[in-house]
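*Asks:* The listed protein sequences derive, respectively, from chains A and B. Numbered per my numbering, the first sequence spans residues 1 to 280. Numbered per my numbering, the second sequence spans residues 1 to 239.
Since the hints were derived computationally from the structure, they do not count as laboratory data. Fair warning: there could be bad hints in the mix.
Dumping the calculated DSSO-like pairs for lysine-lysine here, alpha-carbon to alpha-carbon at most 30 Å [stated by the list, open to error]:
#1 Lys-63/A x Lys-78/A
#2 Lys-230/A x Lys-148/A
#3 Lys-116/A x Lys-93/A
#4 Lys-71/A x Lys-177/A
#5 Lys-60/A x Lys-184/A
#6 Lys-148/A x Lys-188/A
#7 Lys-179/B x Lys-209/A
#8 Lys-226/A x Lys-93/A
#9 Lys-149/A x Lys-209/A
#10 Lys-36/A x Lys-179/B
#11 Lys-71/A x Lys-179/B
#12 Lys-179/B x Lys-177/A
#13 Lys-179/B x Lys-78/A
#14 Lys-179/B x Lys-93/A
#15 Lys-93/A x Lys-188/A
#16 Lys-188/A x Lys-230/A
#17 Lys-184/A x Lys-93/A
#18 Lys-36/A x Lys-184/A
Listed next, the stretches of chain A that the computed footprint assigns to chain B, with coverage defined by at least 3 CB atoms under 8 Å from CB atoms of chain B [unchecked claim]:
#19 137–151
#20 157–171
What follows is a list of derived Cβ distance ranges for each label pair [to be verified]:
#21 Glu-79/B x Lys-60/A: 47 to 55 Å
#22 Ser-72/A x Arg-43/B: 54 to 62 Å
#23 Leu-35/B x Thr-213/A: 50 to 58 Å
#24 Gly-154/A x Tyr-28/B: 41 to 49 Å
#25 Thr-213/A x Ile-57/B: 39 to 47 Å
#26 Phe-200/B x Lys-60/A: 58 to 66 Å
These numbers were taken from a predicted model, which means no experiment stands behind them. Even for Gly, the Cβ is constructed at its ideal location relative to N, Cα and C.
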Amino acid sequence: MMMVRKRSCFIFILMMIALMGTQDLKGQNGKALFEKSCVACHTIGGGRTVGPDLLGVNQKRDKTWLISFIKSSQGFIKSGDADAMALFNEFMKIPMPDQNLTDAEINQILQYINEKGGAGEGTGEAKPEPAPVLIGNVNSGLDLFTGKKSFTNGGATCISCHTVNDKAVYYGGSLAKDLSQSYKLLQKAGIESVLQYLSFPAMSDTYSKNELTAEEIADLTAYLQKVSEKSDQQTQAGLGSYFLLYGILAFFILIAIIEAFWRNNKPKSVKDHIYNPYGL
Amino acid sequence: MNNFFFIGIPYAAFIIMLVGTIFRYTNYSFKYSSLSSQFLEGRVLHRGSRPFHWGVIALFFGHLIGFLFPSAVIAWNGEPVRLLIIEVSALAFALAFLYGLVILIIRRITNERVQVVTSKMDIYVYVVLVAQVITGIWIAYSYRWGSTWYASSMVPYLRSIFLLSPEIGAVVVLPLMVKIHIVTAFVFIGMIPFTRYVHFLVYPIRFAWRPMQVVIWNWDRKIIRNSAKGTKTVKSRNN
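The following block holds chain A by itself, in its conformation from the complex (with noise of 0.2 Å):
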C-alpha cells in the first residue's frame, strides 16, 4: 500500500514537472503569440522593418505554405520553393529564425493577423503607437558600442561579439555579424526594431533581462548609420592577430614562472636508477 502510494505520488510529481514546462503556451491567444514571436521583425501595416510588412499575408500565400515557412524558412528555402527564395533574396538574406510554434498556434497568429488588419480603418490602426522621435548623438553611440559607456540597465557592450569598419573600434568581437552595412541593409526602421524587440534568438536572450532604452537605441542607429556611409574609406584594424601573439607570449611568461616557482622540486623518485638504469 505504501509502495503505491509513493509510487503514485512520484507519477504525479513527474506529471507536475512536465506540466510547468507546457504552462507557458497555455492560454496564450494570437495577439500574445504574435507579439512574442513576431513583432521584433514583422508589422501589420506598419510597413517592413527587418521582414515584410504582414497585413494582407493570408490573402497572398495560401496557409500550408505559410505554415511551413513559418516552422522553419531556411528548409523550406532549401526545398527549392521559388517563392519563398524570391523573399529571402528581397530581404537582404537575413534568415528568419525557425519558430518552434504548432499549426494550432500559427493558425492563432494568422487569425489575429487577419483580425487586426481588416478590424481598423485602413492600415493605420495596426500601426504602433507613434513615439516621440529621438535624434541619436554618434559620438555616445560610438562610446555604448564600445563599451566606454555601460548600457543603463547592464546589457553587454556590441563589441562583445560584433565589430564595424571604423578606426576607433580596432577591438570589435567577431562572434556575430559585422555591422558595417547593416544601417544599409535595415535601414532606420530596422535597427530599432532589431534592438528594441530584439529580433533575434542570440539578442533576445542576451538583452531581454537588460533591455536598451529608447535613447540608447537612437545614440547606436545614428552612430550605425555614420559607420555605414563612412565604411568605405576607411579600412579596420583589426586585432585578432596581435590577440594571439600577446596570448603567447603570456604562455611563455606563465610557463616560466612555473618552472621558476618549482625549480627545486625533486624529479624523479630517489632510486629511478635502480629500477629504470637505463633511464627509459
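Please build the complex by placing chain B on the supplied structure of chain A, with the hints as guidance.
*Replies:* Below, chain B without anything else, positioned relative to chain A:
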C-alpha cells in the same frame, strides 16, 4: 536534436555525476583518487602536470566566476584594456593547459610503465579534454570576445538549466565549435565519477602552494632484507 544535445545531455550528465560520485565514494572510496603514477615516472610528469593543472584550475574558475557574477564580468570588460587582460590571460592559461596535456599524453603513450596502469577511461578523458581545449582556443581566437558573450549569452542558458526551465534559443544559433565545446563539457561532467578526475572533489587547497608530493621509498631495503623482524624501518639517508 538540439533538445537532446543542450537539454538531455546536460541533465543526464548532472544526474550521472551526482549519483555516480556518491556511489563511488561510498562503495569504492579507496579508488577515489587521482591514482598517481608519479612513482612510475616523475620527470616528464612534473613538466606536464604543472602547466596542465594551473591551466585547468584558472580556466575552471574563470568559467565559474563568469557563471556566478555575469554582470561584474560585463562591467569589467567595458574597458578595452581590462577586456584584453582577461582575454589574453585566459588564452595563455588555455595554451598552458594544451601544452601540459600534450606532454602528459605523450608520456602515457610512450612510457611502458605508465602504459600498464592506463585504463580505457584515461584514453576517453584525453579525447574529451583535447576536444575541449582545442575548441576553447579556437573560440577564444575566432569568436571574440568570449569572456563577455559567455557572461551575457551563455550564462542565461546555463542558469536556465539549473532553474529547470531550459532556454536554448541563444545556444542553437552559436557556431559549431561553441556547440562542441558545450556538449563535450557536459559529457565530461558525466564522465567524472568513472575517471581519476574525481580527485578534484577532494582536492586539498594547500596543494596549490606546497611542493608536489613525491612518493619515495622511505626505508633501507638492505636492512629490511637482513633484519630478523623484517619490519624495522629507518630514515633513508639519501633523501
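*Asks:* If a hint holds in the structure, say so; if it does not, say that too.
*Replies:* Against the structure, the hints:
1. With a C-alpha separation of about 19 Å, the suggested pair Lys-63/A and Lys-78/A falls inside the 30 Å cut-off, and the hint holds.
2. About 22 Å separates the Cα atoms of Lys-230/A and Lys-148/A, which keeps this hinted pair within 30 Å; it holds.
3. This hinted pair checks out: Lys-116/A and Lys-93/A have alpha carbons roughly 28 Å apart, not beyond 30 Å.
4. Our distance criterion of 30 Å between C-alpha atoms is met by Lys-71/A and Lys-177/A, whose separation comes to about 24 Å.
5. Distance check on the hinted pair: Lys-60/A and Lys-184/A sit about 28 Å apart at the alpha-carbon level, within 30 Å; holds.
6. In summary, the hint linking Lys-148/A to Lys-188/A is supported, as the alpha carbons are separated by about 24 Å, within the 30 Å threshold.
7. In summary, the hint linking Lys-179/B to Lys-209/A is supported, as the alpha carbons are separated by about 23 Å, within the 30 Å threshold.
8. With a CA separation close to 23 Å, the supplied pair Lys-226/A and Lys-93/A stays within the 30 Å bound.
9. Our distance criterion of 30 Å between C-alpha atoms is met by Lys-149/A and Lys-209/A, whose separation comes to about 19 Å.
10. With a C-alpha separation of about 26 Å, the suggested pair Lys-36/A and Lys-179/B falls inside the 30 Å cut-off, and the hint holds.
11. With a CA separation close to 22 Å, the supplied pair Lys-71/A and Lys-179/B stays within the 30 Å bound.
12. This hinted pair checks out: Lys-179/B and Lys-177/A have alpha carbons roughly 18 Å apart, not beyond 30 Å.
13. Between the alpha carbons of Lys-179/B and Lys-78/A the distance comes to roughly 23 Å, so the proposed pair stays at or under 30 Å and holds.
14. Proximity of Lys-179/B to Lys-93/A is assessed by CA-CA distance (about 24 Å); at most 30 Å being required, the pair is judged to hold.
15. With a C-alpha separation of about 18 Å, the suggested pair Lys-93/A and Lys-188/A falls inside the 30 Å cut-off, and the hint holds.
16. In summary, the hint linking Lys-188/A to Lys-230/A is supported, as the alpha carbons are separated by about 16 Å, within the 30 Å threshold.
17. For the given pair, Lys-184/A sits about 13 Å from Lys-93/A by alpha-carbon distance, which is consistent with the 30 Å threshold.
18. Proposed proximity of Lys-36/A and Lys-184/A is supported: the alpha carbons are some 27 Å apart, at most 30 Å.
19. Judged by the Cβ-Cβ criterion of 8 Å, the stretch 137–151 of chain A is covered by chain B as claimed, because 4 of its residues qualify and three suffice.
20. Look at the stretch 157–171 of chain A against chain B: 5 of its residues bring a Cβ nearer than 8 Å to a Cβ of that chain, three or more, so the hint holds.
21. Checked against the hint of 47 to 55 Å, the pair Glu-79/B and Lys-60/A passes, with Cβ atoms roughly 50 Å apart.
22. Hint check: Ser-72/A to Arg-43/B, Cβ distance near 57 Å, so the stated range 54 to 62 Å holds.
23. About 56 Å separates the C-beta atoms of Leu-35/B and Thr-213/A, a value consistent with the hinted range of 50 to 58 Å.
24. Separated by about 47 Å at the C-beta atoms, Gly-154/A and Tyr-28/B satisfy the suggested range of 41 to 49 Å.
25. At roughly 40 Å, the beta-carbon separation of Thr-213/A and Ile-57/B lies within the given 39 to 47 Å, and the hint holds.
26. At about 60 Å, the CB distance of Phe-200/B to Lys-60/A agrees with the hint of 58 to 66 Å.
Checked against the numbered hints above, the structure violates none of them.
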